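Visitor: Residues per chain are reported as follows:
Number of protein chains: 2
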Amino acid sequence: MPELRKDPVASRWVIISTERGRRPSDFGTEPERERAGFCPFCPGNESKTPPEVLAYRANGGGPNSSGWQLRVVPNKFPALQIEGELGRQGDGMYDKMNGVGAHEVIIETPEHGETLAGMSAQRVEDVLWAFHDRVLDLKKDQRFRYILIFKNSGRAAGASLDHPHSQLIATPIIPKRVREELDGAKEYFNYKERCVFCDIVRQELNQGVRVINENDDFVAIAPFASRFPFETWILPKTHEPFFEDAQKHEYVNLAKLLRDLCLRMEKVLINPPYNLIIHSSPLRETDGRYYHWHIELMPKLTQVAGFEWGSGFYINPTPPEDAAKYLRDAKV
Amino acid sequence: MPELRKDPVASRWVIISTERGRRPSDFGTEPERERAGFCPFCPGNESKTPPEVLAYRANGGGPNSSGWQLRVVPNKFPALQIEGELGRQGDGMYDKMNGVGAHEVIIETPEHGETLAGMSAQRVEDVLWAFHDRVLDLKKDQRFRYILIFKNSGRAAGASLDHPHSQLIATPIIPKRVREELDGAKEYFNYKERCVFCDIVRQELNQGVRVINENDDFVAIAPFASRFPFETWILPKTHEPFFEDAQKHEYVNLAKLLRDLCLRMEKVLINPPYNLIIHSSPLRETDGRYYHWHIELMPKLTQVAGFEWGSGFYINPTPPEDAAKYLRDAKV
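Residue numbers (this note's numbering), protein chains in the order written: chain A, 1027 to 1358; chain B, 1027 to 1358.
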């Protein structure tokens, strides 16, 4: 069972994993399952993953058979495990609990070499619906307080398999980075009586210099204080605390915007590795006034080094106004 | 002039640099100054760096001449610039200020291919004295509130030059990561009336399972909630808020312990890239009871990916008790 441990100084939680490589000689080499050039996410290999928890099959077919457009399976090497109770306890001055949670993989397409930019908008929309469906199911579990949806694309961005996929991890505590945003947004709301993200959307649409693309429901911007070159946020234009409560037309428009953004990234940055995350309100949060869900997309172009680790400051060599212009002007 | 910008949600500061590569085509290629195999930090090339602000020369010799054991120079491509006032101002809802600060490079040795593990303890001690001397000088500047000392070793850890060097950046604000530790330590102190780091030292020496090495003044441990495999902290055994206020015998013993630790890392992890940072109290902090300076050393063995960026959680595949045992048992 993995263990959740809390740093007594910074109150940061860490997952000490027991299902992954751990000896010194394990680092720097590919995991066993990758070496043979075999892909467990490709059609025909359904038996090599844990049994699916969701799949979209346009033409029917039984569970774990081929013929799917999208499949969701538990992660075979989960960071957190679904069974068990939290078991909060101390170890002298330290705090720990069992590594309880859910860790699932959304296999976005049967095509091994596809990207979000290469898929049709309809297929990207299916990926969003899969996120939606899994969150609705998992939020019934009262042990979970947050579900983080994320995508690592490319080895340099931490992907261990090339086949296009996203992941979600449900956690029994609200993650620190989310907590910081919640606290900051709440403080802003208490002071201004307005949502900070709504204000960002208004100022960005008004100034225009950091806007990359937009449609009726969403806008993509290079954020004012971008940590990384070409960092991009996608925000709903109207206030909405939960990703999973979006309307049908919003998923349609988000799929279009996200696909277009990925096309621009591929064009300008030549298929960059990237991380994508969705930040939504904590499960069962009752005050929906101050937080506004959004996507953060971070191409992996620079190294995070000692200064960033030690300070939490970031050094960004590309002003977001320049990044937005490059992406806005890309011919797609 | 670089610009400091604040994220309005997470209150995170970012340095938007104007002195570094910025166009899409600049990423993924080595900076110009590296391509020719020329090292500006090697003896004989003193004129290729900005004029030195400190040097140790056992046999005399004028400034910026050869014959040095250690040299400190301003960074030629500084993240922050030394001249100017802060100029705090708004841009609509956003906050920014001029990127004022100091950014210096400590060239640790004239030998291009040396490492901390390969240097004598006396020479490692010189590096610590250089940190000490520069902090004492820079803290006179009332614009600065913090000085972060750090070292990136190896390209994968963000080093852009191979020649052994450390860096320091003086900032006009207390960095977020430091602020988090200060706040956490203060909260612990208010509750317990003891320093949290002193308690960590006591519990670790008592339990022994996460101790790597120690001497009269310092102990190196794999922290209970290590974020990264083989993450290591070095803590003074007695309470001390400021790195720069250590006594002579402490620098002697720190140099010995640090060198020994680097030897163990090289042996067990086969010369890993790593980041090292020193966390000390903010400049001119008057309450010295709650914070305890220390070193954090993080070998770069895994990728930080979407889950970490989105949550602030870390997934560590090597339990710190195992990491400590590997390093403790290494024959050095």
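By construction, these hints were calculated from the structure, which means they are not laboratory data.
None of these values were measured; they are calculated from a predicted model.
Just to be clear, a hint being listed does not mean it is correct.
Note that the list lumps identical chains together, so a pair holds whenever it fits in one copy or between two copies.
[Said to hold, decoys possible] Okay, derived cross-link-like pairs now, DSS-like style, lysine-lysine, Cα gap no bigger than 25 Å in a straight line:
(1) K1032 with K1202
(2) K1212 with K1357
(3) K1202 with K1212
(4) K1351 with K1212
(5) K1263 with K1032
(6) K1202 with K1218
(7) K1351 with K1293
(8) K1102 with K1218
(9) K1122 with K1351
(10) K1212 with K1122
(11) K1218 with K1263
(12) K1032 with K1218
(13) K1263 with K1074
Visitor: It remains to establish, for every hint, whether it holds in the given structure.
Guide: Hints versus structure:
{"no.": "1", "hint": "K1032 with K1202", "in the structure": "both (11 Å within a copy, 19 Å between copies)"}
{"no.": "2", "hint": "K1212 with K1357", "in the structure": "neither (39 Å within a copy, 53 Å between copies)"}
{"no.": "3", "hint": "K1202 with K1212", "in the structure": "both (15 Å within a copy, 19 Å between copies)"}
{"no.": "4", "hint": "K1351 with K1212", "in the structure": "neither (32 Å within a copy, 44 Å between copies)"}
{"no.": "5", "hint": "K1263 with K1032", "in the structure": "between (37 Å within a copy, 22 Å between copies)"}
{"no.": "6", "hint": "K1202 with K1218", "in the structure": "both (24 Å within a copy, 24 Å between copies)"}
{"no.": "7", "hint": "K1351 with K1293", "in the structure": "within (13 Å within a copy, 48 Å between copies)"}
{"no.": "8", "hint": "K1102 with K1218", "in the structure": "neither (46 Å within a copy, 43 Å between copies)"}
{"no.": "9", "hint": "K1122 with K1351", "in the structure": "between (47 Å within a copy, 21 Å between copies)"}
{"no.": "10", "hint": "K1212 with K1122", "in the structure": "between (28 Å within a copy, 21 Å between copies)"}
{"no.": "11", "hint": "K1218 with K1263", "in the structure": "within (19 Å within a copy, 47 Å between copies)"}
{"no.": "12", "hint": "K1032 with K1218", "in the structure": "between (34 Å within a copy, 18 Å between copies)"}
{"no.": "13", "hint": "K1263 with K1074", "in the structure": "neither (41 Å within a copy, 51 Å between copies)"}
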